[in-house]
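Undergrad: Start from chain A and add chain B according to the hints.
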Amino acid sequence: DAGVIQSPRHEVTEMGQEVTLRCKPISGHDYLFWYRQTMMRGLELLIYFNNNVPIDDSGMPEDRFSAKMPNASFSTLKIQPSEPRDSAVYFCASSPGRAYYGYTFGSGTRLTVV
Amino acid sequence: RKEVEQDPGPFNVPEGATVAFNCTYSNSASQSFFWYRQDCRKEPKLLMSVYSSGNEDGRFTAQLNRASQYISLLIRDSKLSDSATYLCVVLGSNTGKLIFGQGTTLQVKP
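Protein chains in written order, with the numbering used here: chain A, 1 to 114; chain B, 115 to 224.
Okay, chain A solo, but in the shape it has when bound (with noise of 0.2 Å):
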């Protein structure tokens, strides 16, 4: 198995760009997580879905967020417009149920806004 892919791996925006994150998960898992981790803040969750219906989006901290799962095979989630506090690696990450077996992480993408 490939794991949870991600895309980009790194990247660079100006203030006001939109930016969109890609995510893959494990074939099977029925649950995807996205998660942004910060010094400050450490990891947290942005919103998840379970059989592509999201169902807790209380983490994505203001509307400028956006995520969607289209299939059980692809996420995004867009950032529009990006500020430089969105600076971040973003994190993936699907499980096979109610994460009894714990998440598996993408490698991430690293964001910088400037």
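No wet-lab data here; the hints were simulated from the structure.
Even for Gly, the Cβ is constructed at its ideal location relative to N, Cα and C.
Among the clues, some could well be false.
List of simulated lysine-lysine pairs, PhoX-like, C-alpha gap at most 20 Å [as the list claims (entries may be wrong)]:
| # | chain 1 | residue 1 | chain 2 | residue 2 |
| --- | --- | --- | --- | --- |
| 1 | B | Lys159 | B | Lys193 |
| 2 | A | Lys68 | B | Lys159 |
| 3 | A | Lys24 | B | Lys156 |
Partner residues aside, some chain B positions facing chain A, computed with beta carbon under 10 Å [what the hints assert, rightly or not]:
| # | residue |
| --- | --- |
| 4 | Lys159 |
| 5 | Leu188 |
| 6 | Lys211 |
| 7 | Ile213 |
| 8 | Gln216 |
TA: For chain B alone, coordinates are given in the frame of chain A:
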């Protein structure tokens, strides 16, 4: 109060030492518990689950005390390759969400 709290360290220990990390969680209804390891500029990876009876995996021992809402990780005979950040993780009650602590940094010195 944070849902999962850890001492951030860093813990600097010599090779061969035994080191223990502790973690407390606030929600007494939490169901499942894990330790993750994160290397510098890498993703978190599952190290081990934590069971009520305590469990061991080679040099690593995890323990859970539900009454005190406390989780521990013991590493024996530390290796240079154990240098990493160790994240205490709790599955929220009635949710599918894992809640991560801030992590404890371990640096094993030759």
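Undergrad: Are the hints correct? Go through all of them and say.
TA: Checked hints:
{"no.": "1", "hint": "B:Lys159 to B:Lys193", "verdict": "holds (18 Å)"}
{"no.": "2", "hint": "A:Lys68 to B:Lys159", "verdict": "violated (25 Å)"}
{"no.": "3", "hint": "A:Lys24 to B:Lys156", "verdict": "holds (18 Å)"}
{"no.": "4", "hint": "Lys159", "verdict": "holds (7 Å)"}
{"no.": "5", "hint": "Leu188", "verdict": "violated (20 Å)"}
{"no.": "6", "hint": "Lys211", "verdict": "holds (6 Å)"}
{"no.": "7", "hint": "Ile213", "verdict": "holds (8 Å)"}
{"no.": "8", "hint": "Gln216", "verdict": "holds (4 Å)"}
Comparing the model with each earlier hint shows violations of hints 2, 5; every other hint is respected.
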